[in-house]
Each structure stands twice: as structure tokens, then as C-alpha cells.
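There are 2 protein chains.
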Amino acid sequence: MSRVAPLSGFPEFLPAGRVVEQRVIAKLAETFELYGFASVNTRSIEPMDQLLRKGETSKEVYVLRRLQAEAESGGDTGFGLHFDLTVPFARYVLENAGKLQFPFRRYQIQPCWRGERPQDGRFREFWQADIDIVDRDELPTHYEVEIPLVVGDALRSLPIPDVRIHVNNRKLSQGFYQGLGLSDPMGAIRAVDKIDKVGPAGVAKLLSEELGAADDQVKACLALAEIATDDESFVDAVRALGVSDPLLDEGLDELATVIATGAEDAPGLLRADMRIARGLDYYTGTVYETFMDGYGRLGSVCSGGRYDNLASDGKNSFPGVGISIGISRILVPLVSEGKLGATRDVPTCVLVALPDTDSRRDCDRIAAKLRSRGVATEVAPAAQKYGKQIKFAERRGIPFVLFPSSGTDGHEIRDIRSGEQSTVDIDSWLPPTTDLRAEIQRTGE
Amino acid sequence: MSRVAPLSGFPEFLPAGRVVEQRVIAKLAETFELYGFASVNTRSIEPMDQLLRKGETSKEVYVLRRLQAEAESGGDTGFGLHFDLTVPFARYVLENAGKLQFPFRRYQIQPCWRGERPQDGRFREFWQADIDIVDRDELPTHYEVEIPLVVGDALRSLPIPDVRIHVNNRKLSQGFYQGLGLSDPMGAIRAVDKIDKVGPAGVAKLLSEELGAADDQVKACLALAEIATDDESFVDAVRALGVSDPLLDEGLDELATVIATGAEDAPGLLRADMRIARGLDYYTGTVYETFMDGYGRLGSVCSGGRYDNLASDGKNSFPGVGISIGISRILVPLVSEGKLGATRDVPTCVLVALPDTDSRRDCDRIAAKLRSRGVATEVAPAAQKYGKQIKFAERRGIPFVLFPSSGTDGHEIRDIRSGEQSTVDIDSWLPPTTDLRAEIQRTGE
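Respectively, the protein sequence lines represent chains L and A.
Mapping of the first sequence onto full-length UniProt numbering: position 328 corresponds to residue 328, and the numbering continues sequentially without gaps.
Mapping of the second sequence onto full-length UniProt numbering: position 107 corresponds to residue 107, and the numbering continues sequentially without gaps.
What the hints contain is simulated information worked out from the structure, not anything from laboratory work.
Heads up, a few of these hints could be off.
[Claimed, not checked] Now the stretches of chain A that chain L is said to cover, found in silico as 3 or more residues with beta-carbon under 8 Å:
#: 1; stretch: 34-41
#: 2; stretch: 61-67
#: 3; stretch: 294-300
#: 4; stretch: 373-382
On a predicted model such as this, the values are computed, not experimentally measured, just so you know.
Every residue, glycine too, gets a C-beta built ideally from N, C-alpha and C.
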């Protein structure tokens, strides 16, 4: 194993960063389960034809080839690594429709892969946490209200900068562009979706040159994209643009309900934002993008929406609504900038010092007693001088060192941070709860 | 999404099976952390030259190609999916040696991939749980005793059939073959490793034809492979074969210590077994294979050993000892045969019944109160007749249904298994601890 180097786009954490990732994933899972979402794990690969259904992403897929099949036909397996958790989930629902209970609420926390050039906040291998609710044939709109509130609860329970979920509705955008007389409303949605990259002037150019929009139509589209409010006042602002369409009315109603409920249940979490479009074709109702305070450069850290036609086998359709949280996109910058760390690098709470080599078995028994009460314990690797053994604990952040007594005096435990040392009853001693395990530490703020 | 079919070799669980997998993974992680092992997650891919270092496995690797690079040179990235967690871990240790504290104890629970033909207990994508202890330059032998005891503790805490770890020592085998005058002791180890596949006669043929062993040498090799004891008596049995060699003595001593300690600390867990060889070249000391009662056909469900030369950058070497638990190999058969299931399919403990559509917001507030005390709760999807809402809970195994009161009487909660119903104080009510979350259920025994 000669050459070893980090691979661009494939982030890996040192143990302290991994503690952060572990605790965040556990907290997300806990919150999702409190809302009744069941855990699902899918295989990492999907047939290429499934992966390529959403045209836009085809360039990003890693295709699998079996090494041993090199001679025959390139060895392609016809499979690729999934680039999100939505496509695999839609396939899972169809494959197991007869065995699942609908509406089906699931969460899924797994790595995804994209073969694209890595850039700030974009990786080739990254962890996502998704929640979705799918139903058979019809999906009530109240789930479009619930999903961002669940995600808000989950994200706000994490030690990360504040987040705000920007919400729009496809019916609103599409109805508006229709009512405006644009011939390709979906094309307009895709053009407006580029506003952060190319600016209003760039969008105007796309609308007029590629979609043949007239000047006043372009102006109305840009005016719509500027509307963003924390309450239902966006409805009047949109109406003031003078466009009418039944689909627009439906979209305004639905979005108003989402925003009103959010304002009541989770003040400051949701914002109606007509600029949010989501590039993907399959969204049909509410859409979400999420921005983290001070990390606008990362783009949306958590996106999703309602889809009606993603999972369908011809006979049945399974409309759904869901959001993906970009775990790596959120955590990799926070950890690498030193904003988040761990209280220690190891799970170990107590190091049992080793007085001499022959005492190892006795020390193992002391450790076993502590472990039986849930206290992570290891025995020192060698019978060095106690000073060296204490250093061993210090370097890892292990808070307690136990010095075994050979007599009947009882063992002594030292808190090596304060230096306090006392004789303890090994059958009942417990550390303070906060020292029991490595926890996330907010630093450098 | 038209064609959907399960893929052979890529097992996926339905929600109940996933509960089993989740609980097992959590229990393993908990046990490993009690012994001070830190969690590490590595990226899923490694450079091909790293993956191919262990010649034997080259045929099994999935190579990654970028779809968009099709035109140029086939698009191969030079990377493949890891086929175990040992190779990535060795690379991780070398890459981060300056930032890690040694001895370094880590556990790692991730999927691995092998492009091989799927068969009973062998998959193309499968989860493994590894623990390893690596040190810099030298590794004390007491870790070769500790590792199988940690794994034994972890496996015995799971609701799976009893396991037995069979232990041998490479020094013992190699010393024996050397002392016997065989010119290629490593070749003999590989031949004996095939004994379960080709039988003693097949091994005899390999030894004589490929390694030029004389009849009495073949006989001695087969006699050694037959020795298996639960205590240290294997030492005398090996000595009785009349072979002597300093390396053999060392191996006998080391194995005797492992077995003696195991007999004391974990009776019935370890067995000295001279037939255990492990095919891989890199083992240098104690080696382990594990068999699950009644599932011999799966082969070893948990294997490993000591290695001295796996991670080395020329200047420093990082000897280690570790074991991999085959999570999928153990769980997929137990779940698919119906031996392990879950107490329910969903995390939800309480379903809040919905009296009418307008009450949804009130019901959401009741649910939020229960969630704030850690009770997983969802609100019924629609204001159907209560009988239908109870059915909804029954089909998912949700134990409690809450019927909201509009007045000041307090809400009623029904345990739908017993039919018992009572008025409760929503600000203090808690379900029995055993109902709090979905748990593993042993069934069909």
C-alpha cells in the first residue's frame, strides 16, 4: 500500500468528525421515527434504465463493470450507483406494493454517488437523509404541510446554524405561466430555476430567446420570482400581477395553507418564495429548498417536493411528497471549518490503569463490571508508569482513569481534567451522564 | 418505471426485516463502543491498485466507469467498490497516521460489494461489521485474546442462534509444516483451507501433487487438521504428532493463551481448531472463523485474524488484529426464513384518531405533546369511521389509538390488542416501555 491520498469529492471524517456525523444521523432517525416514519435501506445500485429516466442526471451516473468480465463486451453490468434516494425508493415501492401499507411513511439515510466534478458542497459520494410519504392513487395535500414541519423539527434539533425552508408550488408557477399565455410553462419553470446562476437578465434572455416570451411576459415572470414573504401576503402580491388561471388559484391556496400552518407551528421556519422552481420535471405540487444561515454558497441543503407520477406501474400510481437532507453538504463544511467537533475522539469513558503485566486479567474484570452498567471502558495497553498511562487517556480525551487496588481498599478513580481523585465502589460508581459518551461540541464560534 | 424485480444477490428488507437489521447494527455498535472502539466510515471506493493487492480477490471487484466519459478510453475511473472493510481501513490508517492515536481501536459497519455469482449466504452487496485494533510498529499479543471475546460478547447479545468461534494460529500451522520439512508452508495452509470444499482426500491430493509432499507428510498434515478441542489439550495432541519447530512452539503458546482465557471468560465460545487456515496471505498470527448453530451451510459468519504487513508505508508498519461480522450473511437467512421479525412494521406507538377533517390541527397538537415525551405518534390520514381508523392501526401493529375529546373530559386511549380503554392525562401518559418502539421478535421456533 504505497500511494495514499485523499480523493477529491470523497470526504472522510477523522474519529471526532465521525462522532458528529453519528450523532446527527441518530438524531435525524430519532425525530423521523417520532413522526412514524419507518426505516428503509435500499441496495446501492439500480438498473441503468431506471437511473436514466430523469434525463438531466444521466451525465452523473457511475456505471458498474465487473473486472473479471473484461474480455466480453466491456463487462458492463447494466447497473449504476444511485445518485439520490428518490429513484430507489420509487422502485422499492413498486416492487413491494403488495406488501406495504399505504400511506407509507419512510425515512432512508444512505450514501449516494454522482460522477460530477467536485465543488464546494458537492461531492461524488455523499450521505443523504430522505423522508417521503406515498399513498396509492391519491395523496391528501395535508402531507405537503407535514413534511417541511417534520424536517424543520429534525434540523432545528441539530447543533447547526439556523435553517429556513423556502416553499413554492408547481401549480402556482405553472398556472401563472399558463395564465400569462406562455406556450411552455415547464420550460419557464426550468428557466426561472437558473436565476441564482445566470441572474434575472440571464433568465429574461432564456425566456425571450428560447421560449419566445414577449417583453411584458418576461417582466411578469421576473416580477413573480421576486415575491417572497413569511406570511400569506404573497397571495395578494401575486394577484396584483393581474394573471388569472384555475391552476394558479389552486397553487395559491395550497401554498397559503403550508405557510399559514408553518407560521403558527414553527415560527420563522418557512418562507413562501416564488423563485423556488426545482429543476426536476417530476414535481407537481409544493416544492422545497432550504438555506442555512451563513452558508448560502452551499445552495439548498435540503430539497424536495410533491410528485404524482414518479412511481407508477401502469395500473397503480403512487403519488408522494418528500424531502432530502444533504447530510454531507451540511456537515463536511461545519466539521472541516472547526465549527463542530466532539468532546472526545473515543467512546471510552474510563481507562483502567495497568499496575503490572500480570494484573491484566484482574483489570479486564474491573472493566467488565463498568461495561455491564453501560460505561465504555478499556484497559491500558501496557504496564507503563502511571504518568504515561494518564497521558494515554489525556491524548484521547478519556475523562477518567481508574487505579486498581490490590488490597481491599477499593479502587481509586481520577477525573483527569480536574485532578480530583477518590475511592469508589466499583459495583455502583457511575460517571456524570454528560461524560458517558462522546458528544458533539460546538467550537470556534 | 416499468420493469421492477428483485436483483439476485442484492438483498433488501421489508420494513419489519429492516427493524431487525437496525436493532442488530445498533446493538453491535453499542457493544463495540463499550470496549472503546471508535466508529469509522470510509468512502465506498478505493483505487484499483489498492483493491488488487490481495491477488485472490481481483475477480470479484466492481469497477466504476463514468457514463458521460463513454467516448474517451471507456471512461474507467481507476476506482472500484471495496469488497471488504479491511483494505479501506488499512488505507485510512496510513492516510491519517499522523492524526490518529495508537493503538487505534475502530469499528466500521458498512456495505461491501463483490461481483461474484450469488449463492446461499453470499451476496453482491452485503453489510459487514468490523472491529480492528492496530498499533504502530508492534502489536502486543493480548489483543489477539481480546478481539474474539469482544465479538463473542457482541454476537451473544443478539437474538440469533448460538455461535462458536474456531481459532487457530498461523505460526502454529506454518511452524508445523516447516518442522515437517514441507518446502512451501504457505501453500500447505492454502491447501488445508480447502478442506471443507474438497474433503481430506482432495487436500491430500493437493499436498502431494502440487506441493510434492511425501505420504507421511500428507498424513501428518491431515492429522493436524483433525485436532480440535475446547481446552488447552490440543497442545498435547499436536505435540504427539512428533513435529518440532520454534515457530510451532510460539503458535501453540499463543493459541493456548487465547483458548484458556476464553474458557474462563466466555465458556463455550472459543474452540481451538487446527483446520482453520483462512485463505488470505496477510494473516500472521491468530486466525478466527465462526459458525452459527444450525447454519453450517453458510460457512463462517465472522472471520479475521492478526496481520502484520497489511498497512505499511515503507517507513512505518501498522500491525493489527480484527474480525468481520457478516451481518447480511447472518440476518438475511434468519429474516427470510421467518425466524426473526419485528413486533410491528412501523415506529408509531400511538395513532391519534381524527374525529373530523377540521380537527386535524388539534390532533397535530396532541401528537406533538406525545412526541415531546419520546412517544412515536402519527395522526390518522383521514376522518374515516373510527372502526376504519382502528383497522389502520391494527394492520401496522400500532398498539394504541387515542380518541380526542372535544370537551374537558380528557382523551381516551385504547390498547387495541386487549381492547382496554381509559381516559388519560395527555401531559403525563406513557406507554409501557416494551411498547415504546418496534423491537425484534423471535418467531417460528
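Comparing the hints with the structure gives:
no.	hint	result
1	34-41	holds (count 8)
2	61-67	holds (count 7)
3	294-300	violated (count 0)
4	373-382	holds (count 7)
Hint compliance for this structure: hint 3 alone is broken.
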